[in-house]
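Undergrad: Fit chain B to the supplied structure of chain A, relying on the hints for placement.
2 protein chains.
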Amino acid sequence: MASVKLIGASPSPFVNRVQIALNLKSIDYEFLEETFGAKSELLLKSNPVHKKIPVLIHNEKPICESLIIIQYIDELWMSGPSILPSDPYDRAIARFWGAYIDDKCSLAEIRKAGGEEERLAAVDKVVAMLVLLEEYFINCSSEGNGNFFGGDNIGYVDIALGCFLGWFKVMEKMLNLKVLDITKTPCLVKWAERFCSDDAVKNAIPETEQLLEFAKIHLM
Amino acid sequence: MASVKLIGASPSPFVNRVQIALNLKSIDYEFLEETFGAKSELLLKSNPVHKKIPVLIHNEKPICESLIIIQYIDELWMSGPSILPSDPYDRAIARFWGAYIDDKCSLAEIRKAGGEEERLAAVDKVVAMLVLLEEYFINCSSEGNGNFFGGDNIGYVDIALGCFLGWFKVMEKMLNLKVLDITKTPCLVKWAERFCSDDAVKNAIPETEQLLEFAKIHLM
Chain A
1 MASVKLIGAS
11 PSPFVNRVQI
21 ALNLKSIDYE
31 FLEETFGAKS
41 ELLLKSNPVH
51 KKIPVLIHNE
61 KPICESLIII
71 QYIDELWMSG
81 PSILPSDPYD
91 RAIARFWGAY
101 IDDKCSLAEI
111 RKAGGEEERL
121 AAVDKVVAML
131 VLLEEYFINC
141 SSEGNGNFFG
151 GDNIGYVDIA
161 LGCFLGWFKV
171 MEKMLNLKVL
181 DITKTPCLVK
191 WAERFCSDDA
201 VKNAIPETEQ
211 LLEFAKIHLM
Chain B
1 MASVKLIGAS
11 PSPFVNRVQI
21 ALNLKSIDYE
31 FLEETFGAKS
41 ELLLKSNPVH
51 KKIPVLIHNE
61 KPICESLIII
71 QYIDELWMSG
81 PSILPSDPYD
91 RAIARFWGAY
101 IDDKCSLAEI
111 RKAGGEEERL
121 AAVDKVVAML
131 VLLEEYFINC
141 SSEGNGNFFG
151 GDNIGYVDIA
161 LGCFLGWFKV
171 MEKMLNLKVL
181 DITKTPCLVK
191 WAERFCSDDA
201 VKNAIPETEQ
211 LLEFAKIHLM
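These protein sequence lines map, in sequence, to chains A and B. Per the working numbering, the first sequence starts with residue 1, numbered consecutively. Per the working numbering, the second sequence starts with residue 1, numbered consecutively.
The following block holds chain A by itself, in its conformation from the complex:
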């Protein structure tokens, strides 16, 4: 029996976060796919408080909340590349932006918007978040010339934000607008290309067409 299991569903960006972290650390795991709209007994038992994916089950013990899981993975499998910075201050700053992204990047708000105006306002909020993150990226990556928020390699903030890139593309297609806009966030546009072409990410984030299909069936 695999000692690492992940309860999740591929279209979930929060699940993708954990998949990317496990890939970065080269950890084999069993993927326990949840059916959309249903909740397995294992999920209810493993995350009785929130009843949400992802849940990582390691040695039969569950860990919930994607950013907490990533920190757990990073702290436990220290032999792989570091996901959080080693310096406590840099780590605090990475946690700050991770929390900020979780607070502001509400795709549900865009989806549930009552009308065109409300929807555009929700998209604007996401774009405003990206503009701030562009500033942070420039600060933390040699004036924007670095590869990732985490330096040369993908790190915590990269994963926290990058997991949404597939869904940004879906929104762009469905709403016919730009989320990651070269005129507003040029460094992040290039960062996104680098992020999505990384081996640890490629297999974790579904293709845009797949997400689009999922959205048409389940979210509209």
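Please note that a few of the clues may not be correct.
In this list, chains with the same sequence are indistinguishable; a pair is considered to hold if it fits within one copy or across any two.
Claimed, not checked - As a list, the in silico DSBU-like pairs of lysine-lysine whose alpha-carbon atoms are at most 30 Å apart:
| no. | residue 1 | residue 2 |
| --- | --- | --- |
| 1 | Lys112 | Lys173 |
| 2 | Lys184 | Lys45 |
| 3 | Lys39 | Lys104 |
| 4 | Lys51 | Lys112 |
| 5 | Lys52 | Lys125 |
| 6 | Lys125 | Lys45 |
| 7 | Lys51 | Lys178 |
| 8 | Lys104 | Lys5 |
| 9 | Lys104 | Lys52 |
| 10 | Lys112 | Lys125 |
| 11 | Lys184 | Lys51 |
| 12 | Lys184 | Lys216 |
| 13 | Lys52 | Lys112 |
| 14 | Lys216 | Lys178 |
| 15 | Lys190 | Lys173 |
| 16 | Lys104 | Lys51 |
| 17 | Lys202 | Lys125 |
| 18 | Lys112 | Lys216 |
| 19 | Lys216 | Lys125 |
| 20 | Lys51 | Lys125 |
These are calculated hints, taken from the structure and not from any lab test.
TA: Below, chain B without anything else, positioned relative to chain A:
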């Protein structure tokens, strides 16, 4: 010039969290008191994203968000007592409950409630949170006979929840009801007494009368 400064205000439970953590680690700091309703230039400069207290300034560098600050303090001053558990799994669980408390313990919701019914519903949510935390306390502290969530000493979850105890008492007085109820959360009632009488906490959380006075002037 002190190398550790805290921008805050005494009635803020989130500021109290940081004060408790600094006290536990016996770290001297300069308290830079913000005036209620105003925001100093230093605050705006130090936390341009959220513009909120607390902000810890260490060696001229700002760290924001109370639970992130606590982790920073714990990781940096490792010589003092540990605030987070040393085991990665226990640490993940502590982070989970810290995030849960921040998500559910909305005193602002109670304050802003439109009427009696709405207010009682908001209080019920806090009580439901406490009932879950009572369960967790029983699980993690020798069937409820331990001292703290963190074991023998005050830890991360103790601070995350304990900072609200002063305000729970204020709500109980103002609304004439019970928040921390001996019939629903008996272990937490005793835990609260232990927590509030700890030297690291005593000077950090203001007296109920002071908070009541503050509430009457500023929040009503």
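Undergrad: Are any of the numbered hints broken by this structure? If so, which, sorted upward?
TA: none
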